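Trainee: Could you build all of it, start to finish, from the sequences and the hints given here?
Next come the chains, spelled out residue by residue.
Number of protein chains: 2
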Amino acid sequence: MIIDKLYEQVQKKGPLCVGLDTDLSYIPEFMKSQKNITEAVFEFNKNIIDLTKEFVAIYKPQIAYYEALGLDGLKAFKMTLDYLKQNNCLVVSDVKRSDIAATAKMYAKAFFDGEFESDFVTLNPYMGYDSLDPYFEYFEKKDKGIFVLVRTSNPGSKDIQLKQVGDEYLYQKIGQELTKIGKRFNGKYGYSRIGFVIGATHNAEAVDIRNRFSHTFFLVPGYGAQGATGKDARLLLNKDENGAIINSSRGIIAKSQNTQNQKEFDDKITELILKMKEDLNN
Amino acid sequence: MIIDKLYEQVQKKGPLCVGLDTDLSYIPEFMKSQKNITEAVFEFNKNIIDLTKEFVAIYKPQIAYYEALGLDGLKAFKMTLDYLKQNNCLVVSDVKRSDIAATAKMYAKAFFDGEFESDFVTLNPYMGYDSLDPYFEYFEKKDKGIFVLVRTSNPGSKDIQLKQVGDEYLYQKIGQELTKIGKRFNGKYGYSRIGFVIGATHNAEAVDIRNRFSHTFFLVPGYGAQGATGKDARLLLNKDENGAIINSSRGIIAKSQNTQNQKEFDDKITELILKMKEDLNN
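Line order of the protein sequences matches chains B and P.
Under my numbering, the residues of the first sequence are numbered 1 to 282, in order.
Under my numbering, the residues of the second sequence are numbered 1001 to 1282, in order.
Since the hints were made in silico from the structure, they are not lab data.
All of these numbers come straight from a predicted model, not from anything done at the bench.
We put the CB at the ideal spot given by N, CA and C, even for glycine.
Don't take each hint at face value.
[As the list claims (entries may be wrong)] Within a straight-line C-alpha distance of at most 30 Å, the following computed DSSO-like cross-link-like pairs (lysine-lysine) qualify:
1) P:1163 - B:158
2) P:1255 - B:105
3) B:78 - P:1085
[To be verified] Reference listing, derived: stretches of chain P covered by chain B, where coverage requires no fewer than 3 residues with Cβ under 8 Å from a Cβ of chain B:
4) 1061-1067
5) 1145-1158
Mentor: Structural data, given as structure tokens:
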């Protein structure tokens, strides 16, 4: 089951998730010269994947970067998904979709059964839990899972997620409901196919969130370029050093644009990934 | 200003919005035979637009249907946007995106300045109001606007939108905050570039929502195939018979699949659109 495969990847390689939020400006000149947009973006992603896959539990392409490049970008998105599959890498497509009924079915089809097929997608719960139902149909049939936005770490997260509902924050209530719904999708290590997106925020809250939702897998953005340290992010791991994937996008992919040739690029990415791995292991 | 243009379209043509949620099964055989997916979807949309444009304030393609068809579908999505532009039709791309910071900037670029450029997009507010900021940059520069999910009419809308926060529902609080933020983007008819998505729900609530947010433009889904009548939906119009666009997708586009030739198709669509226009005028 996909969530067990993710658990085993973390067991084997650690919790690092690499975000493929590929902006053209991140690609070094030598790598993009004489290539069209699709080729340049795919070549960069392929290089990142080749250099990091033995250290990375899962990859997270952020579809917004590809949509901003139009059809050429989306073609690179598809090629990247295909390449990850060929290399037996797990992938969560960060799409944060939200819709209901027939429309939600179409999104589920797009990302679980179409050209953009991924192991997991991220979803936004605002429209209600029935907006998630169409994805469940693919859980068994195609071995899929989802990560639902619960608590993010941007300043605006207070606007809705931290609204007081009775004696709790709204996100805590949402987490409880999703935990209930997710129980029937538990894998052999006790984690559900319904995971949460949980930003790495301040320490006391991270400890509380980990304790509250002890059998939920977390996708944790915000590590690296967005400010959270390895120590912060590690608070969202369980005692078994598992149960969360910790994403860095710009911390890896936006640091090599000034390299002059393949060797410099390879050395830079390898250095970054090893440093990050060490940071997350301590 | 785009929201004034929308007001004037409603003044001239009435509040009808046609949803281009084009599923392959909606396209009659005679229209799709000997065409590839991109051509078939675009040909259908083009026909719908040609037959309805004099009665329609704005079109709403739902991107999920195109994503489900992969790159071929997204190409048809782009061609449809281009065709709408050539015909001076307004368009709101129903994408319900949600993200923050650098990623939200990429979505804003995709739909306001890239290949998928649209007049308006729909957005999901769950991550907080800072998630909307990157779209504001395009409001003046490119004359754009947004519709933010506030109150939907699916059963699951109770899960989050109807949570009690103090003495109000969460969606009412969100509406108030967005109204405050939106004031600086008001056009000459008093409506803001920040509109709301408001499902056509039960009558008393619709009247309350219209009164509460009297200077906000509403995008109202759920009319036609999804159950709301013209009378229900009209409660969300202001006294000037304006201030809302009322969307029908399947009520128009999913009713002609059995037509046998162009004339039958044209007659069917014309009949449907005229009936709907009359229903919304009463």
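Trainee: Could you run down the list of hints and mark each one as holding or not?
Mentor: Outcome of the hint check:
1. P:1163 - B:158: Status holds; Cα separation ~16 Å.
2. P:1255 - B:105: With a Cα-Cα distance of about 20 Å, the restraint between residue 1255 of chain P and residue 105 of chain B holds, given a limit of 30 Å.
3. B:78 - P:1085: holds, 28 Å
4. 1061-1067: holds (count 4)
5. 1145-1158: That given contact holds, which follows from 7 residues of the stretch 1145-1158 of chain P lying within Cβ reach (below 8 Å) of chain B.
Going down the numbered hints, you'll see the structure goes against none, and every one checks out.
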